[in-house]
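Asker: Taking the hints as your guide, dock the two standalone chains into a single complex.
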Amino acid sequence: MIHGESERKILEILRILKESKEPMGAKRLSELMADRGYVLTDRAVQYYLSYLDRRGFTRKIGNVGRVLTPRGVAEMERALVEERVGFIISELERLAYRSTFDPSSATGDVAYNLTIASETEGEAVAAAFEEAIKAGYGFFSGYRQLDRDPRVPRGYTGFITVCSITMDGVLQRRGVPVRVAYGGRISVQDGEAGTFLDLIDYRGTTIDPLQLFISAGLTSVGSAISEGKGIALANVRKIPVQAEEETRGTIGLMQECGFSFPVAMGVELFNLPSDPYRLSVVAFSGMNCVARAVERGLTVRTEIGAGTIPFSKIAGSNESR
Amino acid sequence: MMSLPLKFVSHRIEEYALQVTYDPEEDRGHVIYNLSLLQEEDLESAMRIVRDVARAGLMVSDRVRLLVAGEKIGGFMIPAGQAGVCTICSLTLDGLLLRKGIPTRSIGGGILEIEDWEPRRFIHLIQYEHTTIDPLQVLASQDLTSILEVMQMGNGTILANVREVHMEAEHAASQILDLLVELGFMGVLEMGAPNIPLLGMPVSPHYLGIAMVGGTNPMAAMNEGGIKTTTLAMKGVIPVEELPHLEEC
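Residue numbers (my numbering), protein chains in the order written: chain A, -13 to 307; chain B, 8 to 256.
Every clue listed holds true.
Reference listing, derived: stretches of chain A covered by chain B, where coverage requires no fewer than 3 residues with Cβ under 8 angstroms from a Cβ of chain B: (1) 185 to 191; (2) 201 to 215; (3) 258 to 270.
If the Cβ cut is set under 10 angstroms, some of the chain A residues that face chain B in the computed set are: (4) Glu63; (5) Val67; (6) Val71; (7) Tyr168; (8) Arg171; (9) Gln197.
Bear in mind the hints are in silico, worked out from the structure with no lab data behind them. In this text, a Cβ means the ideal position worked out from N, Cα and C, and glycines have one as well.
Here chain B stands alone, though its shape is the one from the complex (with noise of 0.2 angstroms):
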C-alpha cells in the first residue's frame, strides 16, 4: 500500500505563504487562519478569554471571528453543539514578506517564556522541517503554557514562533512589521540583529531573527482555564474581512 509521502510543515508553510495575498497598505487579501471548536456553552467565557488575550497583546492580531454551529469558515462548517474561534496564523508573516520579496526560512514553534512583559528565551521549540503537524498546534494542550499567569503578573509562559530572513532584507522587513503594527497586527515580539541569536535561537549566518507570537494562545489560555478546545490540523486562507477587528465583535 502506497500514498504520496507526508508533508512537513516547512513545505506547508510555503504553500500557506504562497496563497497569502494580504497587502498591509490596503489592508486587503487572503490571510492564513487557525480554527478551533469547542462547545457551545463555553462561547461566552471564550469571548472573554480572547478579549483579555488580545489586551495583553498575545495575539498576532486583534482580528478573530467566534462562529455558532452551522456558520462557515473556510469551506468548514462548525458542528451542532460546538462554536468556533478563528484567528490569523502567525505564518501570514511568512507569506506577506514573501510577497514583498522577502522569502523566511520558518525555524519552528515552541514555547517562549516570559519575564518581567518582556520575551526571555525560547524554552520548548519543534523545528518546521522535523514535523507535520502544527507545533503550536499540539502545544497548545500540553500544560507547558501560562498565559493566564503571563496576563496577570508578566511572568510565564506562551506560544510563539521564530524565522529567519536575510540581513539583506533588514530595512524592507523593519518597514514592514512597523506597518502590520499600525494596522492592529500586535504579534511581533522581536526582531534580532545579524548574526545574533534571537530568545536563545541562534540564527543563520548574515540572518536575522524575527519571532512572532502563536495564533493559538486565545486557544491555549482557554485550556489553562478550563474551557477544552480542539484545534483543528486544516488551515487555509480567508478573506482577512471575514475576520473583525476585535472591538467590532
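Bound-form chain A, shown alone (with noise of 0.2 angstroms):
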C-alpha cells in the first residue's frame, strides 16, 4: 500500500492520463508531472506506472503508452478525499483562465456543461431546456445541441449550456478579483428570487453542490416557472465591494451578448452570510435546466465545466430571446 506523498503523486498521474485522450508514454507523463510540480525521475514514474498496472488501474497499450482503465477512473474519484474538497472549485479555475470570452465584441471562448441524455429522450430534454430558459432560469440564452462528440456515445445526444465560470473568466481578465462562494438552492415567490434555502461552498465539499440539490430532488424550477413559486439553483460570488463599477459595467455588456445574470447584487443580500467589504453576486445557473429535465422524470447526466467553445456555436443555436 501507497501513503502520503507518493498517493498524491499517483492520483496526479490518474488525473493526467484521464484528460489525455491517448495513450501516455512514460516521457510525457514525467514532463506533464514537473509541470504540476512533481518531479520525477524515470526510474520512479516507471515505478508508479508498474504499481498501477498491478493495481489495475492502468494498462499499457503495446509500446505506445498506457491509458487509464474504468478501475482507475474510479480510483481517481475515490482516493484522497481531503484533496479533493475543494478540486471542484480548482478545475473550474481552470476553465475561467481557458475562457477567452470579450463581451464588448462577443468573441472568444465561453465554458460549458455538457448533458448527455439518450436519443429517445432528446427532445423532451431540449424542451425542459428551453422551458427553463425562456422563463429566465438559466445563465444564457441558448444552449446548443450537439451530436458528433466522442464524448457522446452512440444512441444518446449531448446538451451544451453555459457554465457561469465563464464570468469569472471574464471578471478576472478585466482585473477584478472573483471568488466562487456558494452553490445554492434559492425560493420564488412571485416570479422573484425570495430568500436562500441552503448553500453549500464550493470549498467544502468534494461534489457539486448543485448536482447534489438536484440528485436529492430539491429543486422546483417546474413550479417556479407555471406557478411562480418554487425552487431555484443559483451560484453565489464574491467580490471587493471597491470592484462594483467595474462588475457592473462588465455584466452590462454580458447581459447584451445575451447572458442573463445577475439576479442580485449587494452587501447584504437576501439571507447570504454578510461581509462588508465584499459585494455577493447571486446568478441563477445553466443547471437549471438539467434540474428542470430531472425533475420532467428524465435520465441526464452532466459535466460541469466539460470545457471551453467559441461564443459563436453556443450563440447561434437554439435561441430562446
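Answerer: Now the structure itself:
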C-alpha cells in the first residue's frame, strides 16, 4: 500500500491520464508531472506505472503508452478525499483561465457544461432546457445540441449550456478578483427570487453542490416557471466592494450578449452570510435546465465545466430569446 | 428584503449538542433524531431493511421507531398515506461527549468505503462548516451508497461522519464509547490515534478522529432497495424512550 506523498503523485498521474485522449508514454507523463510540480526521475515514473498496472488502474497499449482503465477512473474519483475537497473549484478555475470571451466584441471562448441524454429522450430534454431558459432561470439565453462528439456515446445526444465560470474568466481578465463562494437553492415567490434555502460552499465538498441538490430532488424549477413559486439553483460569488463599478459595467456588456444575470448584487443580500467588505453576486445557474429535465423524470448525466467553445457556436443555435 | 443569515451545519450541531441530555450511565435523556417519510405500503419491506442494516452494524444504535399516519414524533405528525422511520442521529455522540466535558469539532459527513467488512477510507466528504444542509441527508439519495452490497458481501460504500477531539480527552472519550457500545450504540466505526489521519481524513495537531456511521444509512438502504424515502431537514431532540430497541419493535 502506498501512502502520503506517493499517493498524491499517483492521483496526479491518474488525472493526467484521464485528461489525455491518447495513450501516454512515460516520458511525456514525466514532463506533465513536472509541469504540475512533481519532478520525478525516469525510474520513479516507471515504478509508479508498474504499481498502477499491478493494481489494474492503468493498462499498457503496446509500446505507445498507457491508458486509464475503468478501475483507474474509479480510483481517481475515490482517492485522497481531503485533497479532493476544493478540487471542484480548482478545476473550474482552470476553465476561467481558458474562457477568453470578450463581452465588448462578443468573441472568444466560453466555458460550458455538457449534459448527455438518450436519443429517445432528447426532444423532451431540449423542451425542458428551453422552458427553463425562456423563463429566465438560465445563465445564458441559449444552448446547443451536439451529436458528433467523442464524449457522446452512440444512441445518446449531448447538450451544451454556458457554464457560469465564464463570468469569472471575464471578470478576472478585467482585473476584478472574483471568488465562487456557494452553490445554493433559492426560493422563488411571485416569480421573484426570495431567500436561500440552502448553501454549500464549493470549498467544503467533494461533490458539486448543484448536482447534489438536483439528485436529492430538492429543486422545483417547474413550479417556479408555471406558478411563479418554486425552488431554483443559484450560485453566489464574492467580489471586493471597490470593484462594484467595474463589475456592473462588465455585467452590462455581458447582458447585451445574451447573458441573463445577476439575480441580485449587494453587500447584504437575501439571507446570505454577510461580509461588509465584499459584494455578493447572485446568478441563476445553467443547471436549472438540468434540474427541470430531472424533475420531468428524464435521465441525464452532466459534466460541469466540460470544456470551452467559441461563443459564436452557442450564441447562434437554439436561441430562446 | 432581509432575514437572518442562514445557519451552517457546524453551528446547528452545537445547538443540538446543547440539547442532548442523554446519560449513558442511566440510559435516559434526550437524543437527536432523524426522521424520514415513506409510502405507507412500503412500511413492511422498510422494516425488513432496517433489521438487516442493524444486523450489519450500520446503524447508530439499535433504537428505531416506525410510525404510521397520524402518529406524532417531536411535534411532527405523519401525513395520511405515509409512514415514518425515526432513528438516532449520529450527532447525538457529539452532544453526549460535550455533556461529559469533551467538546468535539465535527468535521463532516460523507461516503465511506468498506473493504472486506472493514472501513477503509472516506471517498466523499461535505464539511459541516461549509454547508447548511445535512450532508448525510443529501448523500442518502445520490446513488453513491451501496449498503445492500456491504451487508451481503462486506464491500461497498456507506454513510458516515467524522469529528475530532483533543488528545487530552482520549482516555475519557474511549471510556464513553465503550459504555455506549454496551447500550446498543453499535455505530462507532473507529477512533484514531492523536495526529494520525483517520480513514483518510487528516486531523488537527494534537487531535484524534472518531468516525461514526450515519443515522440515515437505513434510509439510503431503502432508496437502494427501491423504496423512496424523504429525509426531513428538521431535526430535534426526543426522549430516548420514544425509540424502542429493535427487538422490542
